[in-house]
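Put together the whole structure using the sequences plus the hints.
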Amino acid sequence: MEAQTDIQTYMERGKQALAEGQGREAAIAYAQAAQLEPDNPMVHLGLAEANLALGSYGVVYMACRKVQELQPGGGIESTLAQALLNLLDRRYDRALQDVDTAISQEPGTGYVHALRAYLLRATKQDYDAGLARARAARLSHGQHFDNCFPP
Numbered sequence: 000m001e002a003q004t005d006i007q008t009y010m011e012r013g014k015q016a017l018a019e020g021q022g023r024e025a026a027i028a029y030a031q032a033a034q035l036e037p038d039n040p041m042v043h044l045g046l047a048e049a050n051l052a053l054g055s056y057g058v059v060y061m062a063c064r065k066v067q068e069l070q071p072g073g074g075i076e077s078t079l080a081q082a083l084l085n086l087l088d089r090r091y092d093r094a095l096q097d098v099d100t101a102i103s104q105e106p107g108t109g110y111v112h113a114l115r116a117y118l119l120r121a122t123k124q125d126y127d128a129g130l131a132r133a134r135a136a137r138l139s140h141g142q143h144f145d146n147c148f149p150p
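Okay, so the sequence shown: first residue is 0 according to numbering that gives the first Met the number 0, each after it adds one.
No lab work stands behind these hints: they were computed from the structure.
Taking CB as the label site, the calculated pair distances span: (1) 104 <-> 150: 25 to 31 Å; (2) 99 <-> 30: 28 to 34 Å; (3) 127 <-> 4: 34 to 40 Å.
Just so you know, even glycine gets a beta-carbon here, dropped at the ideal spot from N, CA and C.
In structure tokens:
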């Protein structure tokens with residue numbers, strides 16, 4: 000029971016750090032969670048998101064592959080991992096499709112809307128990007144996920 004509480008604490012700390020644009024702090028929190036639950040796809044997705052913010056793309060790739068290994072039948076984490084892999088490959092339209100699929104399954108995650116905003120900007124859909132960014136801010140209590148995505 001205590002380990003479950005600890006992992007929830009680390010996961011929340013990681014999510015909050017990402018929302019505040021603090022990739023290093025997020026990576027530390029998710030790494031601590033990974034020590035407690037190394038087979039949890041949410042933990043590895045968090046590591047991928049944090050390392051994307053840090054520009055450590057090799058780690059993002061490995062963490063995304065681990066998520067897919069842990070969820071071979073698919074799932075929201077696997078879908079988001081594929082979106083991040085597509086982002087790294089600059090296949091923004093495919094990444095956007097993955098993100099939209101994830102949002103349809105779980106619409107209340109601020110990071111996913113921030114990722115959607117980034118992808119929309121990358122595909123020159125600035126108006127929709129602004130709407131997605133505003134939604135991300137609403138879902139994360141005013142945080143904007145600055146510095147979480149490649150320049």
